[in-house]
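Colleague: Sequence:
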Amino acid sequence: MKITICIGSSCHMKGSGQIVEKLQDLVAKNGLKDTVDLDGTFCTGNCTNGVSVTVDGRLYSLSAGTVEDFFNKEIIPRFLNGAASASQAV
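Here the numbering used here is used: the first residue of the sequence shown is 16, the next is one more, and so on.
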């Protein structure tokens, strides 16, 4: 699974660095280092909506306060349902 975090100037000012750190911690804490690829990108064109995070092509807007909830609701279930393995095979 690929999670891409915008590190462009607007998202940087809105805390993308904190989001990267929190996602790294959550990936490690959940034993997903071998299956989740965290990547950075510059502007995604979603500047007004907070820090842009893309998961397998789907765009989300996060803040430091929403990262853990996002991870638990959007990332963890993909592994529980086996969807992450299927999406990696593509």
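Worth flagging that the hints you see were computed from the coordinates, not collected in a lab. Don't take each hint at face value.
Quick list of in silico lysine to aspartate or glutamate cross-link-like pairs, EDC-like style, CA-CA up to 16 Å [unchecked claim]:
hint : residue 1 : residue 2
1    : K17       : D54
2    : K44       : D71
3    : K37       : D54
4    : K37       : D84
5    : K37       : E89
6    : K44       : D84
7    : K88       : D54
8    : K48       : E36
9    : K37       : D52
10   : K44       : E83
Colleague: Hinted pair, alpha-carbon criterion (16 Å max): K37, D54. Please report holds or violated.
Modeller: holds, 13 Å
Colleague: Between K48 and E36, does the CA-CA distance stay at or below 16 Å?
Modeller: holds, 14 Å
Colleague: With the threshold set at 16 Å, check whether the alpha-carbon distance from K37 to E89 stays at or below it.
Modeller: With Cα atoms ~15 Å apart, K37 and E89 stay inside 16 Å; holds.
Colleague: Given the hint that K37 pairs with D52, does the C-alpha gap stay at or below 16 Å?
Modeller: holds, 14 Å
Colleague: Take a quick look at whether K44 and E83 sit within 16 Å of each other, Cα to Cα.
Modeller: holds, 12 Å
Colleague: K44 and D84: Cα distance at most 16 Å?
Modeller: Within the cut-off at roughly 14 Å; holds.
Colleague: Taking 16 Å as the top limit, are the C-alpha atoms of K88 and D54 close enough?
Modeller: violated, 20 Å
Colleague: Need the status of pair K17, D54: alpha-carbon distance at most 16 Å?
Modeller: holds, 7 Å
Colleague: Given the hint that K37 pairs with D84, does the C-alpha gap stay at or below 16 Å?
Modeller: holds, 11 Å
Colleague: Can the restraint linking K44 and D71 be considered satisfied, given a maximum Cα separation of 16 Å?
Modeller: Between K44 and D71 the Cα gap is close to 21 Å, so the pair fails against 16 Å, i.e. violated.
The structure shown violates the earlier hints numbered 2 and 7.
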